[in-house]
Amino acid sequence: MNAPTSVEGAAMAESEPPARDDGLSQKGAPGWTRFLLTNEFGLVTLIVIFGAVFALGTPGFSSPFNLFTLGRTMAIDIMIGFSMMVVIVTGGLNLSVGAIGVCVAIGCGWLLEVAGAPLALAIFAALALGAALGALNGVLIVRSGLHSFIITLATMSVFFGLMLFLTHANAYRQVPLEFSAFGKMRFAGYLSPLLLVSIAIGLLLAGLYRFTPLGREMLAAGAKAAAAELSGVRVGRTIVICHALSGVLAGIAAVMVVARTGAAIPQMAGNLGQDWLLPAFLGPVLGGTLLAGGRASVLGTFLGAALVSELTNGLLQFRIGEFWVQTWLGLLLLLAVLMDLARRSFLARRGV
Amino acid sequence: MTPVISRLARTDWFGPLAVIVFATIIVSAFDPSFLSPFNIQILMLAVAVNCVIAMSQMVIIAIGQMNLAVGAIGGLAAISFAGMMQIWGLPPLLAAAAALALGIVAGLANGLLISATGISAFIITLASLSIFKGANLGITRAQPFYGVPESVKAFGNTTIAGPIPWLALPAALVIAAMWYLLYRQRIGRYILAVGGNQSAAELSGISVPSAVLWAHAMSGFLAALAGVLLVARLQLGEPTIGDDWLILSFAAPVIGGAVLSGGHVSVFGTLFGVVIVAIITQALVIFRIDPFFVQVVLGLLILWAVGVNRLREVRMQRTLKRA
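Chains as they are written, first to last, in numbering that gives the first Met the number 0: chain A, 0 to 351; chain B, 0 to 322.
Bound conformation, chain A alone (with noise of 0.2 Å):
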């Protein structure tokens, strides 16, 4: 039972880490082996795959329209993704992204409809909106010492109903043209720009864990809080940035979900926005984020939330059961995680 990926067993018990053996891929197993069995690898084979069954079975799949659909739905997953991932990174997690989420599409809608913003102020102010919940989840974990698990349950609840609460449910839908427009482009008849905009955040969080100071902190305090404080690492300081940049990244893809669909709806992720933790999870997870924190794949989880999208898109063109999507991905989860634990146990063995 001591899995290196345990939730509980890393941080519920407000206990250190259990010690992981994630050293194992840097040594022993050939250089060959160690590349096909990453999750980079994997999923980029299962994206070509699925790609081609869908296109080669549905003649919808692959035309012009769909692939920029998909692009638009696949940015939004991913930032959803990067959201949770890096908060998983400091071995914690953030279920209230999705409330977070709600709370900045709507104030964005607010600025623009009733205080009548510009967009460029309009955008900078609701980001700001969800890094301000998200270092407000920081604050209260660091200060009570307390799981990032409860806290967030019960931040999720809080943001969502003060929404509420504030807009009397309502929606915005005067969002102006060149916003709307922003979300319709196409760039050579199949892409959107949206996508463009995930791939640079992706770069700059790549950038962000390899070349700089913080983003090594962030890693640092996550695989080993104690040690990291102990070698001057301001580990409660670092965990609410980590929470802040959720929020930014949460509010970028709640950004991105009011330019497709022209308005802020407060219903747009569900009640208390729950519907984004499954795809929050799922990127991270497929690509190969340790849920005991201290490691991130930028790329993992990019390609693991395209490979969600893709999967969604084709099922529902497939039409194989609409209703039934939900199991698939759920499916899919406890699948990545088998696989995932049959690749650490099959590395152990060569490596080791």
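These are computed hints drawn from the structure, not numbers from a lab.
Keep in mind the model is a prediction, meaning the values are calculated, not measured.
For glycine and all other residues, C-beta sits at the position ideal for the given N, C-alpha and C.
Some clues are possibly wrong.
[Said to hold, decoys possible] Some but not every residue of chain A turned toward chain B, in silico, with C-beta under 10 Å:
{"hint": "1", "residue": "V43"}
{"hint": "2", "residue": "T44"}
{"hint": "3", "residue": "A116"}
{"hint": "4", "residue": "L120"}
{"hint": "5", "residue": "A153"}
{"hint": "6", "residue": "M155"}
{"hint": "7", "residue": "L195"}
{"hint": "8", "residue": "L218"}
{"hint": "9", "residue": "L334"}
{"hint": "10", "residue": "L337"}
With chain A's structure known, arrange chain B on it following the hints.
Same frame as chain A, now just chain B:
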């Protein structure tokens, strides 16, 4: 503080009970109809179903895990219950038994996956939440089942005597059974021991996987029971049943003093937690505050409760150190 009060203050249920008494006095001072038989009946209806939901999460908290799928299991059981009566024409008791069995199977599947793979309960139940909810939507195509027999409707909406609704009967049985199982039976001690310290429990000869399976089977059964009771109360099998259980299912046990890392839960504390939530929901209606505000209050209650539990923990450790 006299010794009696200080001893009471150390129990899990005393604080929530004091809050209930205090809140009742305040709310009924503003609106005497709060204590009218009709209003008490409404309160008891809400408490009856919600406390079964809370117990379903509490038993998983006891073992140091979490079950995000309580709502999905409850919803699937609810629509199966209604669907079996409407489409197959099963008698209500048989349909209810089948729905409860489905809940147990769903819970066992969770427990089996968690203990066999060692993957965190959070991820497993997130996946199964999505699987069960998808099956729910796949079966119902998001349309409710309306063919609920009159006897079931009557069970959900009539009273035994005075203001006591029939629904309170299964709830009372569940509370008694949970108390007996957790505090008087071997399996309850095993569950709490595994939640308190898994390796110590394992070393003292407790089978951790079987305790995990038991806890999840109980959780699945209780979630399904709550779903069946809601069908009786709402008089239809709605696919949305269970969608809003998550926050409440954690709020009530935590208000009742449950330790989220496991090993310590209070059956009566959880019951009082459910009562507090019901009173506050009613008070918001009485004071004409926007019903959307309930979500905010629920979230704040969780924060307040975990804060208080944490303080009690710190204080208890300090007393232990001094002694």
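The hints, checked one at a time:
1. V43: violated (23 Å)
2. T44: Violated. Min distance 22 Å.
3. A116: Interface hint status for A116(A): violated (25 Å vs cutoff 10 Å).
4. L120: violated (28 Å)
5. A153: Given a least distance of 4 Å, the restraint on A153(A) holds.
6. M155: holds (7 Å)
7. L195: This hint is violated: L195(A) lies away from chain B, its Cβ roughly 30 Å from the closest one there, beyond 10 Å.
8. L218: violated (20 Å)
9. L334: holds (9 Å)
10. L337: Constraint on L337(A) satisfied, holds at 6 Å.
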